[in-house]
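Enquirer: Please work from the sequences and hints to get the whole structure.
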Amino acid sequence: MKEELTGQGYQFVAAGQNGQSEIKGVPTDIFSSRRKEIIAAVGEKATAKQKMVATLDTRQKKDFSNIETVRQEWKQKLQATGFDKNAIIKPVIHEKIDRQQHITLQQAVKNAIQSLEIHHHRFTYDKLLTQVINQIPYESGMINRLRAEIGKFLDKGDLIPVNREGTAFTTAHQLKAENAVAQL
1 MKEELTGQGY QFVAAGQNGQ SEIKGVPTDI FSSRRKEIIA AVGEKATAKQ
51 KMVATLDTRQ KKDFSNIETV RQEWKQKLQA TGFDKNAIIK PVIHEKIDRQ
101 QHITLQQAVK NAIQSLEIHH HRFTYDKLLT QVINQIPYES GMINRLRAEI
151 GKFLDKGDLI PVNREGTAFT TAHQLKAENA VAQL
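Each residue of the sequence shown is one higher than the one before, counting from 1 in full-length UniProt numbering.
Derived by calculation from the structure, the hints in this document are not laboratory data. Hints may contain errors.
[What the hints assert, rightly or not] Listed below are the simulated DSSO-like cross-link pairs for lysine-lysine, each with C-alpha atoms no more than 27 Å apart in a straight line:
| hint | residue 1 | residue 2 |
| --- | --- | --- |
| 1 | Lys-2 | Lys-24 |
| 2 | Lys-61 | Lys-36 |
| 3 | Lys-51 | Lys-2 |
| 4 | Lys-49 | Lys-77 |
| 5 | Lys-110 | Lys-176 |
| 6 | Lys-2 | Lys-156 |
| 7 | Lys-61 | Lys-51 |
| 8 | Lys-110 | Lys-156 |
| 9 | Lys-110 | Lys-77 |
| 10 | Lys-75 | Lys-24 |
| 11 | Lys-127 | Lys-75 |
| 12 | Lys-127 | Lys-176 |
| 13 | Lys-2 | Lys-85 |
| 14 | Lys-49 | Lys-61 |
| 15 | Lys-2 | Lys-77 |
| 16 | Lys-75 | Lys-61 |
| 17 | Lys-49 | Lys-2 |
| 18 | Lys-75 | Lys-36 |
| 19 | Lys-85 | Lys-110 |
| 20 | Lys-45 | Lys-24 |
| 21 | Lys-24 | Lys-77 |
| 22 | Lys-152 | Lys-2 |
| 23 | Lys-152 | Lys-110 |
| 24 | Lys-176 | Lys-156 |
| 25 | Lys-51 | Lys-36 |
| 26 | Lys-127 | Lys-110 |
| 27 | Lys-75 | Lys-85 |
| 28 | Lys-36 | Lys-24 |
| 29 | Lys-24 | Lys-85 |
[What the hints assert, rightly or not] Cβ-Cβ distance ranges computed for the label pairs, FRET-style:
| hint | residue 1 | residue 2 | range |
| --- | --- | --- | --- |
| 30 | Lys-24 | Met-52 | 28 to 36 Å |
| 31 | Thr-167 | Gly-141 | 20 to 28 Å |
| 32 | Leu-154 | Lys-49 | 54 to 62 Å |
| 33 | Lys-75 | Arg-147 | 38 to 46 Å |
| 34 | Arg-122 | Lys-36 | 28 to 36 Å |
| 35 | Lys-36 | Asn-111 | 41 to 49 Å |
| 36 | Lys-49 | Lys-110 | 50 to 58 Å |
| 37 | Val-26 | His-120 | 24 to 32 Å |
| 38 | Thr-69 | Pro-161 | 43 to 51 Å |
| 39 | Pro-161 | Lys-49 | 50 to 58 Å |
| 40 | Ile-30 | Lys-2 | 17 to 25 Å |
Every residue gets a Cβ at the ideal spot worked out from N, C-alpha and C, and that includes glycine.
Expert: Here's what the structure looks like:
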């Protein structure tokens with residue numbers, strides 16, 4: 001999900017261990033009360049074992065029976081911090097529009113293929129279409145032009161169907177990588 005949001009223009013900051021991250025500019029401390037509860041129970045200088053016991057002893061069951069109430073509480077907490085989602089969303093939208101106005105259909109297909117092959121050995125036609133459509137503004141007749149452009153990548157051998165129906169693909173780059181591994 002992070003890669004997809006980064007592609008849409010959002011920026012991230014490191015948040016904790018194991019590669020976790022948060023969207024830059026979104027306050028998170030107000031939602032991170034668990035650590036504070038544990039420290040309040042055992043103190044800052046408690047051992048790891050004491051903190052682990054306190055973690056189990058102080059855990060309260062979360063009640064999401066009325067998710068709308070929970071969402072409203074979260075929104076109120078965010079408003080209390082002065083957080084303005086438009087300060088994050090508007091620049092991202094404008095940057096995306098600017099990028100969309102300067103990209104050709106051929107480049108959008110190429111970008112989508114490169115993005116998909118990084119994360120998938122094979123991917124579906126629908127996923128490819130979605131990736132391309134997310135990069136360019138919609139115009140009348142675009143789907144037919146997009147299919148024709150994908151056909152060009154198939155004809156060149158940059159995109160390789162992996163089933164008879166032509167609904168799933170891999171790339172020449174992926175095949176080369178797999179062959180290199182197989183020869184080890």
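Enquirer: Between the alpha carbons of Lys-110 and Lys-176, is the straight-line distance 27 Å or under?
Expert: The given pair, whose Cα atoms are some 18 Å apart, holds under the 27 Å limit.
Enquirer: CA of Lys-75 to CA of Lys-24, is that 27 Å or under?
Expert: With a Cα-Cα distance of about 18 Å, the restraint between Lys-75 and Lys-24 holds, given a limit of 27 Å.
Enquirer: Straight-line Cα separation of Lys-127 and Lys-176 no greater than 27 Å?
Expert: With a Cα-Cα distance of about 22 Å, the restraint between Lys-127 and Lys-176 holds, given a limit of 27 Å.
Enquirer: Taking the CB of Lys-36 and the CB of Asn-111, does the distance hold inside 41 to 49 Å?
Expert: holds, 44 Å
Enquirer: Run the distance test for Lys-51 versus Lys-2: straight-line Cα separation, threshold 27 Å.
Expert: Roughly 31 Å separates the two Cα atoms, so the pair is violated.
Enquirer: With a cut-off of 27 Å on the C-alpha distance, tell me whether Lys-176 and Lys-156 pass.
Expert: holds, 16 Å
Enquirer: Check whether the Cα positions of Lys-85 and Lys-110 lie no farther apart than 27 Å.
Expert: violated, 32 Å
Enquirer: Quick check on a hinted range of 28 to 36 Å for Lys-24 and Met-52, using CB atoms only.
Expert: With a Cβ separation near 32 Å, Lys-24 and Met-52 satisfy 28 to 36 Å, so the hint holds.
Enquirer: Taking 27 Å as the top limit, are the C-alpha atoms of Lys-2 and Lys-85 close enough?
Expert: Given pair Lys-2, Lys-85 holds - Cα atoms ~18 Å apart, limit 27 Å.
Enquirer: Given the hinted pair Lys-24 and Lys-77, is their Cα-Cα distance within 27 Å?
Expert: With a Cα-Cα distance of about 18 Å, the restraint between Lys-24 and Lys-77 holds, given a limit of 27 Å.
Enquirer: Indicate whether the distance between the beta carbons of Pro-161 and Lys-49 respects the range 50 to 58 Å.
Expert: holds, 57 Å
Enquirer: Decide if the proposed pair is consistent with the structure: Lys-127 and Lys-110, CA atoms, cutoff 27 Å inclusive.
Expert: Roughly 14 Å between the alpha carbons, so the hint for Lys-127 and Lys-110 holds.
This entry does not satisfy hints 3, 4, 6, 9, 11, 17, 19, 20, 22 and 34, going by the numbered hints stated previously.
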